[in-house]
Amino acid sequence: MNWRILLALLLPLCVAAQRAEVVYSPQRLQPLDDIVERHLMDDHRVLPYPAVHERDILWEKRIWREIDTRQKINLPFRYPPKPFISILLDEIKAGNIVAYNPEDDQFSTPMCWEELQKTINQTDTVVTFDPETYEEQIRVVVNDFNPESVIKYRIKEVWWVDSRYSQLKVRILGIAPIMQVYNDRGELKYERPMFWIYYPNARYALARHKVFNPWNDNSPLSWEDWLEMRFFDSYVVKESNVYDRRLQDYLTGIDALLEGQKIMDEIFNYEMDLWSY
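Add 42 to the 1-based position in the sequence shown for the numbering used here, that's all there is to it.
Because the hints were derived from the structure by calculation, they are not lab data.
Any given hint could turn out to be false.
Result set (DSSO-like, lysine-lysine): computed pairs, CA atoms no more than 27 Å apart in a straight line [claimed, not checked]:
1. 124 / 160
2. 304 / 103
3. 194 / 211
4. 252 / 124
5. 194 / 304
6. 304 / 198
7. 124 / 198
8. 211 / 198
9. 114 / 252
10. 252 / 198
11. 160 / 135
12. 231 / 114
13. 198 / 103
14. 135 / 124
15. 114 / 198
16. 211 / 252
17. 103 / 194
18. 124 / 114
Assemble the whole structure, with the sequences as input and the hints as a guide.
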C-alpha cells in the first residue's frame, strides 16, 4: 500500500514537470503571429500560357493602360507592410526579375541594380553656410526611395482574336511603376516611369508573393493570380497608332477618359461583330 500512496503523490509532480518543460521550451518562446504556419505560397506554381501560333492571330491591337492605386479596388498595390513596388525592387535586387530602361517599352535595354538606384533615389542640392567663415557651401543630398511616391502602374498588353479558339484574348507584356517627382517646395513637378519589367518572365517571381485580399485574409492569391484575373481597375492611355501618340498628346481630362473607353468598346464590338450572324 505504501508504494501505491507514493506513486499517487509523485505522478502529479511528473505531469507538472512535463507541462513546465513544454511551456518553457525554446520552440515555444518564438511567438507565431498566426494560428498555423503558412507554406502554401512556397509551392505556388504558375500555369504556362497556352501556345499561340502566328497564323492563328486573326486581329491584334496593342494597348497601354494605367492603374491608379488611389482607387479603392487598387489599394492592395499600396498595402503598407509590403507594397507592390517593394516586391518588384526586392526581386530585381535578388536577380529574379530584370529591369529595363524606362524609355524602352520594347524590353531591349536592361538595367543593372546600380543604374536603377540612380533612377529611383532622388538627389537634392542643399545650400548651407559655414558657421565660422560664413561661406556658402553646396551639398548634394541623396533621398531614400519612398514607396508612397509610386501611385500608378503602366501596363502594356496585347489584345488579339484567336481564330483557333474563336476568342478575344489579352496578355500583359510589361509593367512600369510610375513615380511622382516633387520640387524643393514639395510641389508635384511631373510623373515618370521608373523602369519596365517583362511580365511573362516576372510571373514566376510574383507567384511567390501573396497579395492582400480584401475579401478573405486566408485566400492564397499571389500577385500573378491577381494580375492574370485582372482584379484591378485601369484606364487606357494609348493604343497602337500611326503617329505613336498617347491620348494626352491631343486630349485632356474627361475627354481622354472617354476616348480610352471608346477604344475598349471598339475592341469588344469587333469580337461581337466578327461572330454575329
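Structure-based check of each hint:
1. 124 / 160: holds (22 Å)
2. 304 / 103: Holds, because 14 Å separates the two Cα atoms, which is no more than 27 Å.
3. 194 / 211: Roughly 24 Å separates the two Cα atoms, so the pair holds.
4. 252 / 124: Cα-Cα ~10 Å, so holds.
5. 194 / 304: holds (22 Å)
6. 304 / 198: holds (18 Å)
7. 124 / 198: Cα-Cα ~24 Å, so holds.
8. 211 / 198: holds (14 Å)
9. 114 / 252: This hinted pair holds, its Cα atoms lying about 19 Å apart.
10. 252 / 198: holds (23 Å)
11. 160 / 135: holds (14 Å)
12. 231 / 114: holds (25 Å)
13. 198 / 103: holds (11 Å)
14. 135 / 124: holds (16 Å)
15. 114 / 198: Holds: residue 114 and residue 198 sit about 22 Å apart, inside 27 Å.
16. 211 / 252: Cα-Cα ~26 Å, so holds.
17. 103 / 194: holds (23 Å)
18. 124 / 114: holds (17 Å)
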